[in-house]
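S.K.: So the chains spell out like this:
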Amino acid sequence: MSETKTFEIDFGKVYSERMRLNVGPQHPSTHGVLRLEVELEGEVVTEIVPHIGYLHRCFEKHAENVTYPQVIPYIDRMDYISSMNNEFPYVLGMEKLLGIEVPEKVQYIRVICAELNRIANHQIAIATFGLDSGAFTPFLYYFRDREMIITLFEKLSGGRLLYNYFWIGGLMHDVHPTFAEDCLEIVKQVRKTNDEALDLLMYNKIFVERTANIGILPADVAINYGCSGPVLRGSGVPYDLRKVEPYSIYDKFDFDVVVGKGEMGTLGDCWDRNIVRVREIYESCKIIEQAIEQMPKEPCDVRQAVPKRIKPPVGEFYCRAENPKGELGFYIISDGSPKPTRVRARATSFVNLSVLPEISKGYMIADLIMILGSLDIVLGEIDR
Amino acid sequence: MEYFKNIFHALYTIFVGMKITGLHLFEKKVTMQYPDLVHPIRDGLLPPTERNRIAVDMDRCNGCGSCARACPVDAIDVEMIRVVPGDEVPLFYDGTPIKTWVTKYTLDFAKCCFCGLCIEACPTQANRMTPEFEYSEYQRDKLIYHFERLTPEEAEEKKRKWDAYQAEKKKADAAAKSQKNETK
Numbered sequence: 001m002s003e004t005k006t007f008e009i010d011f012g013k014v015y016s017e018r019m020r021l022n023v024g025p026q027h028p029s030t031h032g033v034l035r036l037e038v039e040l041e042g043e044v045v046t047e048i049v050p051h052i053g054y055l056h057r058c059f060e061k062h063a064e065n066v067t068y069p070q071v072i073p074y075i076d077r078m079d080y081i082s083s084m085n086n087e088f089p090y091v092l093g094m095e096k097l098l099g100i101e102v103p104e105k106v107q108y109i110r111v112i113c114a115e116l117n118r119i120a121n122h123q124i125a126i127a128t129f130g131l132d133s134g135a136f137t138p139f140l141y142y143f144r145d146r147e148m149i150i151t152l153f154e155k156l157s158g159g160r161l162l163y164n165y166f167w168i169g170g171l172m173h174d175v176h177p178t179f180a181e182d183c184l185e186i187v188k189q190v191r192k193t194n195d196e197a198l199d200l201l202m203y204n205k206i207f208v209e210r211t212a213n214i215g216i217l218p219a220d221v222a223i224n225y226g227c228s229g230p231v232l233r234g235s236g237v238p239y240d241l242r243k244v245e246p247y248s249i250y251d252k253f254d255f256d257v258v259v260g261k262g263e264m265g266t267l268g269d270c271w272d273r274n275i276v277r278v279r280e281i282y283e284s285c286k287i288i289e290q291a292i293e294q295m296p297k298e299p300c301d302v303r304q305a306v307p308k309r310i311k312p313p314v315g316e317f318y319c320r321a322e323n324p325k326g327e328l329g330f331y332i333i334s335d336g337s338p339k340p341t342r343v344r345a346r347a348t349s350f351v352n353l354s355v356l357p358e359i360s361k362g363y364m365i366a367d368l369i370m371i372l373g374s375l376d377i378v379l380g381e382i383d384r
Numbered sequence: 385m386e387y388f389k390n391i392f393h394a395l396y397t398i399f400v401g402m403k404i405t406g407l408h409l410f411e412k413k414v415t416m417q418y419p420d421l422v423h424p425i426r427d428g429l430l431p432p433t434e435r436n437r438i439a440v441d442m443d444r445c446n447g448c449g450s451c452a453r454a455c456p457v458d459a460i461d462v463e464m465i466r467v468v469p470g471d472e473v474p475l476f477y478d479g480t481p482i483k484t485w486v487t488k489y490t491l492d493f494a495k496c497c498f499c500g501l502c503i504e505a506c507p508t509q510a511n512r513m514t515p516e517f518e519y520s521e522y523q524r525d526k527l528i529y530h531f532e533r534l535t536p537e538e539a540e541e542k543k544r545k546w547d548a549y550q551a552e553k554k555k556a557d558a559a560a561k562s563q564k565n566e567t568k
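Chain order of the listed sequences is D and W. Note that our numbering has the first sequence beginning at 1, numbered continuously upward. Note that our numbering has the second sequence beginning at 385, numbered continuously upward.
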C-alpha cells in the first residue's frame, strides 16, 4: 500500500502506487453478490482475494431439519440457473439408498430435461460472457431461445426457474402430449442461434483479441484445484462424468466430450473455456434427439415408484452427476429417521472459483472481469 | 503485412456480424406487451400445471395439518379443535359431517416457496394452485392469508366449549373411578 514505484515512459515519469480495490458485491460483472478484493499495481492485478457469503442461506443446516422430499426445493435454489441438473444427483442417490427402480420413461424424461437445462445454462453463460466483453446482441438472441426452454419447463412442472420436478422415485407430473415435438422445435431453434452466435461472437476478431491468451489455466493446475466441467475441459482434459461414470441412462447415447484445443491462442484460455460451452450445446442437442427417438411412446404412471413414506436405512452415500458447471455431488448420511443427519453438497462453482486468484495474477483489471466471466459461477451455489 | 491482415480480418468479422443482425431485422417480434396487450391469465397462456398463489377450499379441509407438516418453510399454520358432542357439526362439501372445527388456517405468502408439496400432501384435495400471480402488497402482514371461516370470537367459544367438556369428562371419569373403587 505504502510503497511508491516510478516508471520511465516516453512522456515522462509516472508514479504508481499499489492500490486496493473492491470489486462488488453489487458490481454487475461479478455475476452475483461476489466481492473481490483486488490489489493493483497500476492497472495490473497482483493479488486477488474473493470474499463470499453474501448469499449464505444455511442449506446444509436447514436440510438437517426437513424430510428428504423437502430438501429438493432447497437444492433447486443452489444453482438457480440449472435446477433440473441440481436435482438429478440427489434423486439418483436417494433411489440408490432406498433401492427404488424407476420406470424407463421417467429416466428418459429426466435426461431430456437435464440436457435442455444444460443448454439453457450454457446459453446464459455465453450470453453474459459476451455482455462482459461488450457484445450485447448475442445476449438478446440467446435469451429469446432460453425463453422457449423455460416455457417448456413451465408446462412440465409449473415453475419457470425452480422446478421441484424430479422426485425421489419419479417425477411430479407426466409430460404433456406435444412434449416430443416441442423439444425437437427447441433443438432446431437452438442449433440455428448457436450457428449465428459462432459467427457473431466467437469468431469475431474483437472478441478473440479480448479473450485469447487471457487467463491461461494449464491442465495440471486445473486438476490440482479440483476444477470440473467446461473449466477443466477447456484445458484439454476430456473428463465428463456422463462418459467416465455413466449414471442414469447416459450410456445409451452417442455423444462426444468436447475439449479445448487452443485454436485461437494458448490451450486453456478464456476463449477455449467458452468454445467448449458453445460446442456442448450441439452435443446436448444430439442427446435430446436420440432420447426422444428411443423414449417409450406408451403412457406410463410417472409416480408409480414414488414411496409413500421415505425412511431410508442407516447408511451414507455420495452421488455425483455432471452439472452444466461441472461435478455436483451430494454426501448424505442417514440414521434411519425420515430426516437426513447431514447433507453436504460439493458445489461446482465454489471449487471452480478457487482457481481465480491463481490464473488472474499479472493480467489487467479489464481481463480479470473476462476471466471471472469465463469461469461461469453462480453465487447461489457458492454460498449455498 | 500481419498488421493489415489483422485489420482486414477484424473488418470482415464485423461485417459477418452485421449481416446476421441485419437479417434479424425482418424476423417476427418476440416481445410480449404485458400487461396491456397480452396478459397470461386473460389470454389463457398459463399451463394447467402452473404453480402460483395457493387457494384453500375450506369445505374440504378437516384441519389434519398434513400440509403444514409437508411445508419445507413452515408457511402454513393450522389449528383445529374437536367437536363437542351435541354441538352443531361442520359439514364437508358433500354433506358428510366432519368431527373437527378448523379454528386457524393461515398461509404466509411471504414465506411460501411455491414447491407444491402441500397440494400433494392434502388427503382431501382442499389445497390447490390458482393462476393468480399479481398480488404484491406494501405491508408484509397483508401477505398472511386467513382461510379459516370461524371468527376469532367463535374460535374462542369453540375452544372454551371443548375445554369445559374435557373438564366435565375428567370429573365424571374421576367420579366413576372413585365409585368403582368404593364398590370394590
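These are calculated hints, taken from the structure and not from any lab test. Quick caveat: nothing in here was measured; it's all calculated off a predicted structure. A virtual CB, placed ideally from N, CA and C, is assigned to each residue, including glycine. Don't take every hint at face value.
[To be verified] Only part of the chain W face toward chain D is listed, based on derived beta-carbon distances under 7 Å:
1) 404
2) 406
3) 463
[Claimed, not checked] No more than 30 Å apart at the CA atoms, straight line, and that leaves these computed lysine-lysine pairs for DSS-like:
4) W/495 <-> D/155
5) D/361 <-> D/155
6) W/403 <-> D/205
7) D/311 <-> W/495
8) D/188 <-> D/96
9) D/188 <-> W/542
10) D/308 <-> W/553
11) D/339 <-> D/308
12) W/403 <-> D/339
13) D/188 <-> D/105
14) D/205 <-> D/96
15) D/252 <-> D/155
16) D/308 <-> W/542
17) W/526 <-> D/286
18) W/542 <-> W/553
19) D/192 <-> W/403
[To be verified] Residues on chain D that point at chain W, a partial pick, calculated with CB under 10 Å:
20) 70
21) 128
22) 131
23) 132
24) 133
25) 135
26) 140
27) 151
28) 155
29) 157
30) 172
31) 206
32) 223
33) 278
34) 282
35) 283
S.K.: Quick one, is the residue 131 of chain D hint okay against chain W at 10 Å, beta carbons?
M.R.: Residue 131 of chain D check fails; min Cβ-Cβ to chain W is 15 Å, beyond 10 Å.
S.K.: Are the Cα atoms of residue 192 of chain D and residue 403 of chain W separated by 30 Å or less?
M.R.: Status holds; Cα separation ~15 Å.
S.K.: Keeping to a limit of 30 Å between CA atoms, is the pair of residue 403 of chain W and residue 339 of chain D held or broken?
M.R.: Status violated; Cα separation ~58 Å.
S.K.: So if I understand the rule, the pair passes when the alpha-carbon distance is 30 Å or less; does residue 526 of chain W with residue 286 of chain D pass?
M.R.: violated (49 Å)
S.K.: Against chain W, run the beta carbon of residue 172 of chain D and see if the smallest gap drops under 10 Å.
M.R.: Result: holds, 7 Å to nearest chain W Cβ.
S.K.: Close enough to count: is the Cβ of residue 278 of chain D nearer than 10 Å to one in chain W?
M.R.: Where the cut-off is 10 Å and the nearest Cβ of chain W is about 15 Å from residue 278 of chain D, the hint is violated.
S.K.: Tell me if the interface restraint on residue 151 of chain D is satisfied: Cβ within less than 10 Å of some Cβ in chain W.
M.R.: holds (9 Å)
S.K.: Do the numbers back the hint for residue 140 of chain D, that is, is its least Cβ distance to chain W under 10 Å?
M.R.: holds (9 Å)
S.K.: For a C-alpha distance cap of 30 Å, please report whether residue 339 of chain D and residue 308 of chain D respect it.
M.R.: Answer holds: residue 339 of chain D to residue 308 of chain D is near 15 Å, not above 30 Å.
S.K.: Given a cut of 10 Å on the nearest C-beta pair, is the interface hint for residue 223 of chain D held or broken against chain W?
M.R.: violated (34 Å)
S.K.: Once the shortest beta carbon distance from residue 463 of chain W to chain D is found, is it less than 7 Å?
M.R.: Constraint on residue 463 of chain W not satisfied, violated at 22 Å.
S.K.: Are residue 283 of chain D and chain W close enough, Cβ to Cβ, to be under 10 Å, as the hint says?
M.R.: This interface hint is violated because 23 Å lies over the 10 Å limit.
Checked against the numbered hints given earlier, the structure breaks hints 2, 3, 5, 8, 9, 10, 12, 14, 16, 17, 21, 22, 23, 24, 32, 33, 34 and 35 and satisfies all the rest.
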